[in-house]
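Asker: When you get a sec, could you build the whole thing from the sequences and use the hints?
Read top to bottom, the protein sequences are chains A and B.
One point on numbering: in this note's numbering, the residue at position 11 of the first sequence is 11, and numbering is uninterrupted.
One point on numbering: in this note's numbering, the residue at position 296 of the second sequence is 296, and numbering is uninterrupted.
Note that these hints are calculated values from the structure, not bench results.
As the structure is a prediction and not an experimental result, all values here were calculated from the model.
Glycine is no exception: its CB is placed at the ideal position from the N, C-alpha and C atoms.
Be a bit skeptical, because a hint or two may be false.
Claimed, not checked - Chain B stretches covered by chain A per the calculated footprint, using a threshold of three residues with CB under 8 Å from any CB of chain A:
id: 1; segment: 185 to 193
id: 2; segment: 357 to 366
Said to hold, decoys possible - Straight line, CA to CA, 27 Å or less: simulated DSS-like cross-link-like pairs of lysine-lysine:
id: 3; chain 1: A; residue 1: K53; chain 2: A; residue 2: K410
id: 4; chain 1: B; residue 1: K30; chain 2: B; residue 2: K331
id: 5; chain 1: A; residue 1: K410; chain 2: A; residue 2: K73
id: 6; chain 1: A; residue 1: K53; chain 2: B; residue 2: K532
id: 7; chain 1: A; residue 1: K225; chain 2: A; residue 2: K282
id: 8; chain 1: A; residue 1: K208; chain 2: A; residue 2: K225
id: 9; chain 1: A; residue 1: K73; chain 2: A; residue 2: K425
id: 10; chain 1: B; residue 1: K532; chain 2: A; residue 2: K425
id: 11; chain 1: A; residue 1: K282; chain 2: B; residue 2: K331
id: 12; chain 1: A; residue 1: K422; chain 2: B; residue 2: K532
id: 13; chain 1: B; residue 1: K331; chain 2: A; residue 2: K225
id: 14; chain 1: B; residue 1: K41; chain 2: B; residue 2: K500
id: 15; chain 1: A; residue 1: K208; chain 2: A; residue 2: K282
id: 16; chain 1: B; residue 1: K532; chain 2: A; residue 2: K410
id: 17; chain 1: A; residue 1: K410; chain 2: A; residue 2: K422
id: 18; chain 1: A; residue 1: K53; chain 2: A; residue 2: K422
id: 19; chain 1: B; residue 1: K30; chain 2: B; residue 2: K41
id: 20; chain 1: A; residue 1: K53; chain 2: A; residue 2: K73
id: 21; chain 1: B; residue 1: K525; chain 2: A; residue 2: K422
id: 22; chain 1: A; residue 1: K53; chain 2: A; residue 2: K425
Unchecked claim - If you anchor each label on the Cβ, the simulated ranges turn out as follows:
id: 23; chain 1: A; residue 1: V343; chain 2: B; residue 2: R21; range: 54 to 62 Å
id: 24; chain 1: A; residue 1: V343; chain 2: B; residue 2: R258; range: 54 to 62 Å
id: 25; chain 1: A; residue 1: V214; chain 2: B; residue 2: S529; range: 35 to 43 Å
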Amino acid sequence: MEERRYPEGQGPSQEEMRRSNLEIVTGVTCPFCGCLCDDLEVVIEGGRITNVKNGCAYSLAKYLNYQRERLLKPMVREGEELVAVSLEEAVERAAQILVDSIYPVLYGWSSTSSEAQRLGIELAEEVRGAIDNTSSVCHGPTVEALQELGHPGCTLGQVRNRADLIIYWGSNPLQSHLRHMSRYTIGAVGRWRRGREDRTLIVVDVRKTYTARVADYFIQVEPNKDFELLTALRMALMYEEIEQERVAGVPVEAIEEVAEILRGCEFGALFYGLGLTMSSGKNRNIDAAISLVRDLNRWTKFVMIPMRGHFNVAGANIVFLWQTGYPFAVDFSHGYPRYNPGVTSVIDILSRRESDASLIVASDPVANFPRRAVESLLENPLIVIDPHRTATAERADVVIPSALVGIECKGTAYRMDGVPLKMKKVVDPPPGCLSDEEILHRILEEVRRLRGE
Amino acid sequence: MELLIRNAVVYDPINGIDGERMDILVRDGKIVDSINEMQAKVIDASGMIAMPGGVDIHSHIAGPKVNKGRELRPEDHLRYAERGGRVRRSGVGYSIPTTFMTGYWYARMGYTTVMEPATAPLETRHTHEELNDTPILDKACFPLVGSNWFIMEYLRRGDLEKCATYVAWLLRAVKGYAMKLVAPGSVETWGWGRGLMGIDEVIPHFEITPRDIIRGLCRANNLLNLPSPIHIHCNALGAPGNFRVTLETMRCVEDLSRGDRPSIHIVHIQFNAYAGSDWASLSSGATRLARYVNRHSHVTADLGQVIFTDTTTMTADGPWQYRLHNLSGNKWINHDVEAETGGGIVPYHYRRRNYVNAIQWTIGLEFALQVKDPWKICLTTDHPNGGPFIEYPRVMAWLLSRRARLASMRRLNKTARRRSILESLEREYSLYELAIVTRASPARILGLREKGHLGIGADADISLYRIDPSEVDPSRDFRAVRRSLRRAAYTIKEGEIVVKEGEVVGVTEGRTFWVEAEVPEGVSKEVLSDLKERFEDYYTIRLENYPIEEGYLRRPSVRRTRPEAWVV
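Answerer: Below, the structure written as structure tokens:
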């Protein structure tokens, strides 16, 4: 694929665009991570994406390689092999599996549009299954801690305009959310902050990450000791005496120094990632972090924002909430929404071998779930809706290829701070590939038809 | 489809009908004067009263803040859950029900129009997603404008024309219906962890006062000739002694009255009617506020009545929610929105035995009973802040019946009971007055001409309750009346029967109203160029991605307004 590069701030001339059948779509929202940068300029030549301006390396890679490893034909399993069939046939087979099942699980949802998520929940209710999204395995502990204590937060623009102190805890944005620091935090120019020189950066991590290397203060916490460190910081803030010389591998003097920096800032923001949510302690770590931020509001303004991964995982929580009251792990087996993470979360259902079919949308659990859960998943009929060939799709009984949200079809997505953005369609999907929304709509119709409604 | 409702006892205050037995004719979703009676479906409404469908002027039912409340409170959802049915989706929730439940429960009570009164413009796409998923009801949302940077900057420069034009642009961009001010200026200062109490404190960095914002936006509202007045959540909400701030707020726009239409609507006035200097000396400021409202025609208010129950408080007033978190020790969500507003959520349990809660309860009712003209007030609980909307029938019973009030006062905090004048207030609302404060008055304040009445041409939104006024005396039989008000015998939305005997039997899609205000082209261009210049300095999204296309609303209904004269 040919790449065309232009000098910074310049695009092709009108003449050049006309001659080469060039089109540039501006204000495109990137469907990669929870930053949801909405300033991409996508260059299209003859119906193909040839360049992306403003995007990070991940974004560029996604836009330039999205056509690789695609699923192009609906398939159903005949014996050992997946055989190409018509879309109608695949939809009918999927609907039949769901109708025949007593307790299906519907999982994924974080890399698709809110419109598709809405229909997924309606389908789960219709077939009385359990529905869960990937926050079950990423920021689920954040939600559980929020339910205990609340969550003092804000939108990213507040941080850009006001924050003079930024903390990344268990998060390495220079390798995970590449534009986070330049667009929203350390490097961004805001109304009252000129950029890097006006802001202090503290990084807490178990190793010296790329982000840690540019920090003003790096605190190396012993693995799985985040809770202890957060608690010690809270004690230092309250001027309580800490008996130990070191907590979580950090000298007490350093902890006390950091506590003073936190107390003395004008506007502080704590960003935290899976290093905090998924290390030992899980939701208790987040409890401690929320308590710290809440305490800091006695002296100054302090907020926190989780570093969400998939571009619409925040949206999955949000749509689940308004439709069912709960953010993930929702069970409809009784006909109404029930929520009990650890019981109604999909890994636990699978590990207990309770489900008898599954529908996976825009996710690859075979590659990511614990072995017991994967075994259980594969024992039963498996339906996959995904644009790409994945380990899960390879093992599925029904595969329906879909269009990529934000590239080949439109939709709504929610940024990590809850700001909703529209995703644009910039090129046509492969022939015959529909959006997740449209596929789910057809399955739902077919399920209702089969059930005689 | 045609519908004939026979023999109902009708309360239709806008048309002056006070309990007359008559028929109501419906065709194609409208009230008409003749139908083909042979083909029409007939409802025998003997033994029932008929009112226009209920209109709620202020109820937090959708959007980011409500949804965060749902996230915060799984324990709330355990209180009530409901299976889906042939036409219904399932749902859960009491003080923050899921969107489907919200639609069904309002319809069950005979309500058909509800306003979501606070949405951060930046996040209003989310609000519309939820409104799309709220069945049956007609609805609209009010963008928050009280701490908006563009507005504050235009007002600092005294540029009212541009301020009004920006408001028109904003309403069109986010598909909003009216302006909502929450603790003007104070929410901006909360961005730095501080707040403002009075309306004459200067907002740091912006060098104007809340008074300037209130007056400026009231004048902008008049200039644009918007259907509804500005809706204001006054400064110092929740603080003892704040009734003075409320008085000042009403006074500061006295000269901006626009004929017979109100120019300012005070939302949930109960929370801003506190006298006294601290919690121990807290007392009611309701009488003084009612006296002011009785003497002035430019102001209307809704109650924000407190109900004794466990609920979830949520407002854009970030500093107040933080204070409530510190007062109650309950869990706390905060969510500030760049260049616009903020928000906070704290669960709260109002208890009869608690002195402060008991005083709050008396204040709402004292105000409702002392304002002589019911056309100036609307019944609300500021759902879910004072209590969930599901409990409205309890408030209705307190208004209709002194016995109901005394029954509730028996177990009230004794000191509060002694200090309150509520026991001495003998007024009882008639069913006609109840129809005013729950239908006619909110529809009129909102400028919804086809709502809140049953005249020819009105939307056929009708509620029938099994109450026979010739046999039932609401004052004495308040329990029976309350039961009937909880579950309508029939609710009809745009001519379709959606509720029968308190059960949802039909689910329709409601409309979302929004306002397109015409402004002169010249000034419009200037504002657009200001936006192009500064928007991306203030926000973290592109200007082109901010507006919400009309197609995003499932069933949009635009109301166009034009200025009477563009004179500043």
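Asker: Each hint needs a verdict: does it hold in this structure or not?
Answerer: Results for each hint:
no.	hint	result
1	185 to 193	holds (count 3)
2	357 to 366	violated (count 0)
3	A:K53 / A:K410	20 Å, holds
4	B:K30 / B:K331	47 Å, violated
5	A:K410 / A:K73	21 Å, holds
6	A:K53 / B:K532	20 Å, holds
7	A:K225 / A:K282	11 Å, holds
8	A:K208 / A:K225	16 Å, holds
9	A:K73 / A:K425	21 Å, holds
10	B:K532 / A:K425	24 Å, holds
11	A:K282 / B:K331	19 Å, holds
12	A:K422 / B:K532	20 Å, holds
13	B:K331 / A:K225	25 Å, holds
14	B:K41 / B:K500	14 Å, holds
15	A:K208 / A:K282	22 Å, holds
16	B:K532 / A:K410	25 Å, holds
17	A:K410 / A:K422	7 Å, holds
18	A:K53 / A:K422	19 Å, holds
19	B:K30 / B:K41	15 Å, holds
20	A:K53 / A:K73	32 Å, violated
21	B:K525 / A:K422	25 Å, holds
22	A:K53 / A:K425	16 Å, holds
23	A:V343 / B:R21: 54 to 62 Å	57 Å, holds
24	A:V343 / B:R258: 54 to 62 Å	58 Å, holds
25	A:V214 / B:S529: 35 to 43 Å	38 Å, holds
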